[in-house]
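Start from chain A and add chain B according to the hints.
Chains as they are written, first to last, in the numbering used here: chain A, 1 to 392; chain B, 1001 to 1218.
Be aware that a few hints might be false.
[As the list claims (entries may be wrong)] Calculated lysine-lysine pairs in the BS3-like style (CA-CA distance at most 25 angstroms, straight line):
hint : chain 1 : residue 1 : chain 2 : residue 2
1    : B       : Lys1034   : A       : Lys389
2    : B       : Lys1034   : A       : Lys320
3    : A       : Lys317    : B       : Lys1190
4    : A       : Lys53     : A       : Lys389
5    : A       : Lys317    : A       : Lys389
6    : A       : Lys320    : B       : Lys1053
7    : A       : Lys389    : B       : Lys1053
Worth flagging that the hints you see were computed from the coordinates, not collected in a lab.
Each chain is listed here by its residues.
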Amino acid sequence: MTQQDNQKQSAPVASPPGENADSDLVFDADRPLTLDSGDTLPAIRLAYRTYGKLNADRSNAVLVCHALTGDQHVASTNPLTGKPGWWSLMVGPGRPIDTDRYFIICPNVLGGCMGSTGPTSINPHTDKPWGLNLPVITIHDMVNAQAMLIDHLGIDQLFAVAGGSMGGMQVLQWAASYPERVFAAIPIATGSRHSSQNIAFHEVGRQAVMADPDWCGGDYLGHGKSPRKGLAVARMAAHITYLSDDALHRKFGRALQDRTRLTFGFDADFQIESYLRHQGLTFVDRFDANSYLYMTRAMDYFDLAADYDRNLADAFKDTKTRFCCVSFTSDWLFPTSENRTIVHAMTAAGAAVSFVEIETDHGHDSFLLDLAELFETVGGFVNSAARLKGLS
Amino acid sequence: MSTNENTASVRTMAADPERVDLHVVSGFVQPGAKVLDVGCGDGTLLAMLQDEKQVEARGIEIAQARVNNCVARGLSVIQGDADNDLAVYPENAFDFAILSQTIQATRNPRIVLESLLRIGRKAIVSIPNFGHWRIRSQLTTGGRMPVNENLPYSWYDTPNIHFCTIRDFTELVAAVDATVERSVTLYGRKGHLPQSTPLAIRNLIGNQAVFLLSGGKA
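One chain only, chain B, in its complex shape:
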């Protein structure tokens, strides 16, 4: 399997086979908005947003076969990736720039986040949480990098080169002068923790989190 294919499958493999996070993302998007989904996979989220929110949808996806899936669904998707293809978009080209469960696979997450905040009036970022208690315990008691159904890759062939915890990501948001407008932490199979839950708790039991961000214009 090539690196590209690895990276392409991050979204369906990294955290949540049912993609509960997509519904949270969708809840953040206003109807009729212009939306870019970076790492859009086979276009599931974009198609959902098109149907439910009548958005003007655009996508970027690294794997050719998945781009083909998107094109066949009538979506406008270009083959590319977050590290290389965000620079060409003008400032505020989109109402929402979405990066769902992909930031951990980018080469330079900080620059990617800054780009998202530049080209979108708002950014929506979802991350798998490496601070989850089970991952912590696998590392501390087993002494090995975690491998489980949500993180199926060995350390030497994983596309996920920049894992972070919810706390880490929150600090990056502050570092790029952005603001968390809303966030939802997902735990268990379908549980939601509100933003008011203490960060330490969210960081311990959340398996993923979705952030609605604004600001951060360079």
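Isolated chain A, as found in the complex:
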């Protein structure tokens, strides 16, 4: 599998997109993609955004991989929510991943719901949405699809690949599958495999979606419905795992919502309940329920060592990629121990790896937040890597 990945495929080279293209770009692959499941997708599409300018020798490209419910709008206003891009603190002019210096590419992952091939896109065999007929997508499949996009853009080697959480899994998979195409890699708050507890939380979310009668066995689009309640509950449960007990306590404590006393009922008495309900409700406006099933499954299936006879170090054998790994003290979804396992494997493989554990009580979501230590770490690493690669 790995060898096949490494073979550079010939593809027509696209002219680089213009600077700060203010709308989605679309890549339609000119060849089928064989998936880990053994199925083949005859035609795949990736919706993506780019920021900054590709230099003449195409050596300043940075691929940003998004997390479970992220999208291609890493540094530009999200058209669905009107909010700033999900990593606009990290990616932008003068930011650690500087759009004035680098050409940033962020695709919506395969299986996503923001324009890339996923359960809501049309199955060419039936002319109806794929729904649950879409084969299960893995992190490896997502990365292979991204590699086709990078081929299409005429980029041999990415200067850097960066991402947190599920994005970090893609970064690790990139480094393992295409080592010579990744100069520097920044996996943040992630793991080399999804833990049993993490699979358990995902299963709760999936069961919530599937228990909603409006899910219609997965064919809610065909029935003109949407399992909003189920998906909202899934999001509420998942959202708790992105925070920490300390952060929740600091933000909400036991404070009551718009009332002075308990109602002795089941309204949202507490602010935390109101907050979670809001998180659930706003999420369903921007995310597809089946895509949520596929995304969570992709993370559950991720186990990088499994492809290397359970020896994770072999995933990074002889790599020349430089790594910068980051974890957060209060992240219990991808705790420091999981990140350190990756660091130790890279270390054992002799890789050039840096690792920082940042102290914060913001939990897993820390990688998305305004944390000076995070920006110093990533910025310092990116700058030094740019010097090594001779990028001015």
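Only chain B this time, still in chain A's reference frame:
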């Protein structure tokens, strides 16, 4: 100040503000070698070795801010410590495994020394000398644990939990079946005593010593 920060500052605070020992360490390292600096602080030694000896540099440092300094300098450094993070390195992963002025702050100096000798073909260890005459006199005449500009910590908050003398360390080297290939004892502000100087003298007037070690493979 947390314990971690204490431990992190050992290297700049323990013995020698000018870090004369770093030049001695550098003198032991062959050009182009693969080097691990355990407790690398802000990366001063690694950067020096990279510039002067073109080494392939790796580091371990306990304090996040110092790791950031290293990363910003282009060094590959992981946040960790000598007691917990040496086990993952394969045998002879490095030409030189360096532990400079840190062994006295480790929980288990013997295991740390054995690990260094396992993962490095050679180990370079520098120690502050607790056998220095001034320290001895502070203890014997004052009856108190020494506190001075080189040892600024009170006994109850010091990160230096395993101080030793040059003689003590030499015995530990023998106990782990390692050999002292070279050693330099530093005295006064910038004086060097060669290995041929009698141990009793080195142990009395040296404020620190740097050892190049080999062998000791378990």
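Okay, the hints, checked on the actual structure:
Of the supplied pair hints, the one linking B:Lys1034 and A:Lys389 holds, its CA atoms being roughly 21 angstroms apart against a limit of 25 angstroms. For the hint linking B:Lys1034 to A:Lys320, the alpha-carbon distance of about 15 angstroms falls within 25 angstroms, and the restraint holds. Of the pairs offered as hints, the one joining A:Lys317 and B:Lys1190 is violated, with about 44 angstroms between alpha carbons and a cut-off of 25 angstroms exceeded. Proposed proximity of A:Lys53 and A:Lys389 is supported: the alpha carbons are some 17 angstroms apart, at most 25 angstroms.
A C-alpha spacing of about 21 angstroms is found between A:Lys317 and A:Lys389, which places the hinted pair at or below 25 angstroms, so the restraint holds. For the suggested pair A:Lys320 and B:Lys1053, the alpha carbons sit about 21 angstroms apart, so the restraint of at most 25 angstroms is met. The straight-line distance between the Cα atoms of A:Lys389 and B:Lys1053 is roughly 21 angstroms, inside the 25 angstroms bound, and the hint therefore holds.
The structure shown violates just one earlier hint, number 3.
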